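Q: These are the residues of each chain, in order.
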Amino acid sequence: MARYSAFSIFRNALSGQKNWQRAWRAAEPKPSYDVIVIGGGGHGLATAFYLAENHGIRNVAVLEKGYVGGGNVGRNTTVIRSNYLLDGNTQFYEFSMKLWEGMSRALNFNVMFSQRGQLVTAHSADQLDSFSHRANVMRLNGIDADILDREDVRRLVPYLDFSDTARFPIHGAIFQGRAGTARHDAVAWGYARAADGHGVDIIQNCEVTGFLRDGDSIVGVETTKGRIGAGKVGLAVAGHTSVLGAKAGLELPIESHVLQAFVTEPLKPLVDHVVAYGADHFYVSQSDKGGLVFGGNLDGYNSYAQRGNLGVVREVAEAAIALMPCISRVRLLRHWGGVMDMTPDASPIICPTPIEGLFLNGGWCYGGFKATPASGWCFAHTIATGKPHPLIAAYGLDRFRTGHTLDEAGAGPSAWLQ
Amino acid sequence: MLRIECPCCGLRDHDEFRYGGDASVMRPAHDDPDPQAWYRYVYIRANPAGLHREFWQHVIGCRQWLVVERDTRNHAIASVELARQLSARKSPARKPPA
Chain A
1 MARYSAFSIF RNALSGQKNW QRAWRAAEPK PSYDVIVIGG GGHGLATAFY LAENHGIRNV
61 AVLEKGYVGG GNVGRNTTVI RSNYLLDGNT QFYEFSMKLW EGMSRALNFN VMFSQRGQLV
121 TAHSADQLDS FSHRANVMRL NGIDADILDR EDVRRLVPYL DFSDTARFPI HGAIFQGRAG
181 TARHDAVAWG YARAADGHGV DIIQNCEVTG FLRDGDSIVG VETTKGRIGA GKVGLAVAGH
241 TSVLGAKAGL ELPIESHVLQ AFVTEPLKPL VDHVVAYGAD HFYVSQSDKG GLVFGGNLDG
301 YNSYAQRGNL GVVREVAEAA IALMPCISRV RLLRHWGGVM DMTPDASPII CPTPIEGLFL
361 NGGWCYGGFK ATPASGWCFA HTIATGKPHP LIAAYGLDRF RTGHTLDEAG AGPSAWLQ
Chain B
419 MLRIECPCCG LRDHDEFRYG GDASVMRPAH DDPDPQAWYR YVYIRANPAG LHREFWQHVI
479 GCRQWLVVER DTRNHAIASV ELARQLSARK SPARKPPA
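Protein sequence lines correspond, in order, to chains A and B.
The first sequence: position 243 = 243 (this note's numbering), numbered continuously.
The second sequence: position 68 = 486 (this note's numbering), numbered continuously.
Some clues are possibly wrong.
Computed footprint of chain B on chain A, listed as stretches where at least three residues anywhere in the stretch have a Cβ under 8 Å from a Cβ of chain B [unchecked claim]: (1) 237 to 243; (2) 252 to 266; (3) 297 to 310.
It should be emphasised that the hints constitute simulated quantities derived from the structure, not laboratory data.
Since the model is a prediction, treat every value here as computed from it, not as a measurement.
Glycine included, every Cβ here is placed at the ideal spot set by N, Cα and C.
All chains should be built: construct the whole structure from the sequences, respecting the hints.
A: In structure tokens, the structure reads:
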């Protein structure tokens with residue numbers, strides 16, 4: 001694999017930039033692999049990369065039913081943060097943040113990680129108190145966090161509604177300066193290229209239709225490109241975990257829901273940070289092209305359709321204008337949907353499964369993108385050693401049965417029940 | 419917009435309704451001592467990519483609970499019934515006290 005560098009751009013300029021090699025091979029499946037990772041999204045590709053990089057397991061295939069980057073890794077709103085409150089989440093997401101900080105160098109691929117800072121507005125004294133609690137927990141774990149008062153927020157983001165008529169007046173905010181965004185497609189492509197460089201086969205347009213068994217163990221997969229044997233199989237198909245889990249005989253506490261994201265027409269630079277609205281579910285950042293990228297709530301009913309409904313478009317637009325009246329005349333360019341695995345406690349599931357040879361990585365709810373590197377790192381460790389990585393000890397499938405749910409957000413598929 | 423043919427009110431936009439989740443989940447009997455049965459009732463969902471029986475309540479309308487059969491891949495609705503008419507969805511009978 002040719003390294004990308006300023007020199008390589010210069011050298012290729014001499015031949016008119018016409019001789020770049022493919023970023024990864026178009027692989028066809030071999031009869032068997034040590035490990036098969038199902039799902040060529042961010043998590044699956046990261047898992048394959050860390051299997052090779054950290055554990056020396058290079059006889060690995062990533063099977064993707066569509067194309068790399070066509071699922072949720074290319075559909076999210078690209079926010080990266082580690083402002084979690086509960087033990088188990090706090091440390092995991094901070095580990096992820098540290099991997100983000102070194103990712104472009106580690107992958108030799110510019111993922112355009114931009115630590116522009118993220119703030120969540122507080123709209124009452126009580127909410128600011130709860131944010132102080134969170135900030136203290138973050139700081140005790142060595143994570144940067146600041147509490148801003150109303151005037152601090154006004155200096156930082158003067159375009160929010162600070163008028164006397166604001167429906168929910170801003171009292172302050174919690175701010176994490178190291179949070180930010182990354183170019184999500186580049187993350188998929190970077191991991192794909194780096195994994196391929198280690199000899200991993202990335203097989204696109206290859207849908208898994210069933211599992212091969214030897215007794216109770218899973219020893220391979222049936223695909224649209226034939227049978228492929230495997231020592232171990234890792235599922236990283238969030239959104240469709242229930243569908244493949246059912247084929248393997250797993251009963252899962254997951255509902256699939258559609259989450260929409262939106263982008264406006266390009267504007268001059270306005271939003272320098274990631275801003276989340278504490279009085280409703282709305283978050284916004286501005287892309288390098290100038291579009292405001294934002295999202296809100298789930299559509300709220302089981303769905304595998306990667307498109308949403310207009311009711312939510314209206315709700316999100318209402319929240320947007322309540323926080324930022326200045327964008328009321330901005331036109332929406334596009335909106336799209338992604339299918340989320342929603343777990344009852346809104347925390348992910350990464351663990352070995354009761355089925356020998358099968359490992360599970362799913363249940364990412366709204367928040368899988370920021371976890372991509374840590375998820376791949378820890379899942380690779382789990383597959384390689386057969387035991388959960390210490391950072392994902394809280395993400396076992398058994399936690400629902402034993403009552404150890406990790407209810408960070410109160411935002412599972414039926415948030416009103418929590 | 420998803421539209422649901424309410425048996426009382428006719429064809430209405432789905433934002434008049436509140437979603438009530440999987441209608442195929444059966445509550446165990448009140449005196450069922452098996453934690454596994456309660457675990458499955460509270461947490462486990464079939465979550466099919468295809469036909470899904472689900473509850474909707476017509477909150478901005480007749481306020482009836484409905485059971486809707488909908489394809490989760492394309493939102494095509496196969497049937498709508500009043501939930502109370504579905505005798506099939508009875509809770510298991512309570513065991514008489516010993």
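Q: Looking back at the hints listed earlier, which ones does the structure fail to meet?
A: Of the numbered hints, all hold.
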